[in-house]
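Chemist: Please take these sequences and the hints and turn them into a complete structure.
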Amino acid sequence: MTLSAKGLCWSVGGTTILSDVSLDVHPGEFLGIIGPNGSGKTSLMALMAGIRRPQAGAVTLDGKPLSAHGRQAIARRIAFVEQQAETTERITARQAVELGRTPHLGALTPWSRADDAIVDRALEEVDMAHFSRRLWHTLSGGERQRLHIARALAQQAPILLLDEPTNHLDIGHQISLLQLVREQDLTVVAALHDLNHAAMFCDRIAVMQGGRIVALGTPAKVLEPQRLADVFGVTVDVERDSAGGCFIRYRRPEPRPAKLKLVAEA
Amino acid sequence: MTADRPILLLAGAAFAALVLLVAALGVGAAVGETAIPLDIVAKTLANRLWQAGYALEPIDEGIIWNYRLSRAIVAACCGSALALSGVILQSLLRNALADPYILGISAGASTGAVSIAILGFGAGLLTLPIGAFIGALIAFGFVSALAVRAGRGTGAIILAGVAGSQLFNALTSFIVTKAANAEQARAIMFWLLGNLSGVRWPDVGLAVPVALFGLLVCLWHARALDAFTFGTESAASLGIPVRRVYVVLIAVSAVMTASMVSMVGSIGFVGLVIPHVARMLVGVRHGLLLPASALIGAIFMIAADVLSRIIIPGQVLPIGVITALFGAPAFALILSQRRSAL
Numbered sequence: 001m002t003l004s005a006k007g008l009c010w011s012v013g014g015t016t017i018l019s020d021v022s023l024d025v026h027p028g029e030f031l032g033i034i035g036p037n038g039s040g041k042t043s044l045m046a047l048m049a050g051i052r053r054p055q056a057g058a059v060t061l062d063g064k065p066l067s068a069h070g071r072q073a074i075a076r077r078i079a080f081v082e083q084q085a086e087t088t089e090r091i092t093a094r095q096a097v098e099l100g101r102t103p104h105l106g107a108l109t110p111w112s113r114a115d116d117a118i119v120d121r122a123l124e125e126v127d128m129a130h131f132s133r134r135l136w137h138t139l140s141g142g143e144r145q146r147l148h149i150a151r152a153l154a155q156q157a158p159i160l161l162l163d164e165p166t167n168h169l170d171i172g173h174q175i176s177l178l179q180l181v182r183e184q185d186l187t188v189v190a191a192l193h194d195l196n197h198a199a200m201f202c203d204r205i206a207v208m209q210g211g212r213i214v215a216l217g218t219p220a221k222v223l224e225p226q227r228l229a230d231v232f233g234v235t236v237d238v239e240r241d242s243a244g245g246c247f248i249r250y251r252r253p254e255p256r257p258a259k260l261k262l263v264a265e266a
Numbered sequence: 001m002t003a004d005r006p007i008l009l010l011a012g013a014a015f016a017a018l019v020l021l022v023a024a025l026g027v028g029a030a031v032g033e034t035a036i037p038l039d040i041v042a043k044t045l046a047n048r049l050w051q052a053g054y055a056l057e058p059i060d061e062g063i064i065w066n067y068r069l070s071r072a073i074v075a076a077c078c079g080s081a082l083a084l085s086g087v088i089l090q091s092l093l094r095n096a097l098a099d100p101y102i103l104g105i106s107a108g109a110s111t112g113a114v115s116i117a118i119l120g121f122g123a124g125l126l127t128l129p130i131g132a133f134i135g136a137l138i139a140f141g142f143v144s145a146l147a148v149r150a151g152r153g154t155g156a157i158i159l160a161g162v163a164g165s166q167l168f169n170a171l172t173s174f175i176v177t178k179a180a181n182a183e184q185a186r187a188i189m190f191w192l193l194g195n196l197s198g199v200r201w202p203d204v205g206l207a208v209p210v211a212l213f214g215l216l217v218c219l220w221h222a223r224a225l226d227a228f229t230f231g232t233e234s235a236a237s238l239g240i241p242v243r244r245v246y247v248v249l250i251a252v253s254a255v256m257t258a259s260m261v262s263m264v265g266s267i268g269f270v271g272l273v274i275p276h277v278a279r280m281l282v283g284v285r286h287g288l289l290l291p292a293s294a295l296i297g298a299i300f301m302i303a304a305d306v307l308s309r310i311i312i313p314g315q316v317l318p319i320g321v322i323t324a325l326f327g328a329p330a331f332a333l334i335l336s337q338r339r340s341a342l
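Sequence order for the protein chains is A and B.
Note that the UniProt record's numbering has the first sequence beginning at 1, numbered continuously upward.
Note that the UniProt record's numbering has the second sequence beginning at 1, numbered continuously upward.
Please keep in mind that the hints were generated in silico from the structure rather than gathered at the bench.
Beta carbons: idealized from backbone N, C-alpha and C, even for Gly.
Heads up, some of the hints might be wrong.
Unchecked claim - For each label pair, taking beta carbons as the anchor points, the in silico distance ranges come out as:
1) Gln-51(B) to Gln-72(A): 21 to 29 Å
2) Ala-11(B) to Ala-73(A): 33 to 41 Å
3) Arg-252(A) to Ser-336(B): 47 to 55 Å
4) Thr-109(A) to Ala-150(B): 33 to 41 Å
5) Ala-251(B) to Ser-176(A): 45 to 53 Å
Modeler: This is the structure we're talking about:
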């Protein structure tokens, strides 16, 4: 099951968001996508999930363009967690996760015990089983996010696309969620903000800047101080351990130039 | 949803729903300016359906069979169809205040029907329901184009609906004032407020198939409607062919609204309020919400029709007046509760 993008272009209202993006996702890997705000991560995720169609280029699944697969066939293979999907419906936590079974159920297929078991397990995986009867609007942002992940797990698709999955989560849940996703026998593509998380959990990292992929490779190769300075405008030290892992330490920026200070004081 | 919900329980619920509906139809046929006992209603039915041969007053039998029963059946279909349209629109547009009346679909259907009836569009080739359907689609197209330009928000959709219903109601009034004679104008104005007085058996032949067809199409899409809970992108990622579902369900909603408007005029608030009542009773899952809304809508409309006949002795109120008397306060309640959602 391989997902790949070739020559993707995407623009909205005359503004180019993605230009000529190509990316092969290896089966079973955890691929992180990092980049500053507005670099095109979210658009790339939506195109890879088949939610939007590229204006040029194509996303292929097993060599066939996504547009040639049916919507339901795609959903059985690719689960997608968007940023901040909300509802005003009075649904329970469990019902939100049950939606993940949709691609496996036809109009007349009855809900089965197997579906119940899958939903139970997904709720346990994200540590939300005890909240299963709570109403959506009573839950915190982090709890909602964990339920979205559980819904994607209940979808049982071999490929999981996550758009900033750790938003709204406290540090404990951020790490346990990425660990949980990592432990699944899944191919994962995740847009991530935290460079250390990307370093810790990803097999490969793609760096985006201005709608292009400017670097792709293992964390140790990609996370170079010079590159991070170019892309994010931050000064960092990268420490490496003997196991090949790397850690990013941010340096406090230089004090602002005196000229600006004077203006502020005046 | 639980897997081990016994089939028996479901069958029981369906049976109870059917019994409730039949009872409501019976009461609808029995109550009126002259009350007729329920056993006479039952005997009339037996006479008509199985030639049972009970000796009955021909007048009673005639009132029940020719007037009240057909009327109650059409009222039930109308209530179901409007409630189902409301559920569809509220779920697809993710808007608690959506219904065919507020979005101007009923107004468009009225304009379409009046254009056929008075202006003679289509030279007899187009029937009233088809004219109403075309009018409904044009109105929906107009309102959605406006809503998209206004930014697609919850408020934008409702404001576009207000503009649409004002425009099409004005068109209807214009056509009626300009082209109809006094007699026609009076009849049409009464019909526009919602009126079941003219309903006879041939109307049943349209109302029942449309309502049943609508219910079946909706039930077929129950899971798809559930998948819209978190919006269209989320629905798409769950494998729902979003555009096709939109087209099919909006068309079904327009067919149901247009057929009912062409028979009984445009009746407000049923499509808005009944789905909310049903949600309070059975929850938000469409597998239950759709049949529950259809049933409650049917019973509510039969009750509203009965009320419209007996509330002022010797006079029939337009049924739209009754539904608005209940619906407007309910609308206000939903509005104040959903403040944060707007």
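Chemist: Looking back at the numbered hints, which does the structure fail to meet, lowest number first?
Modeler: 1
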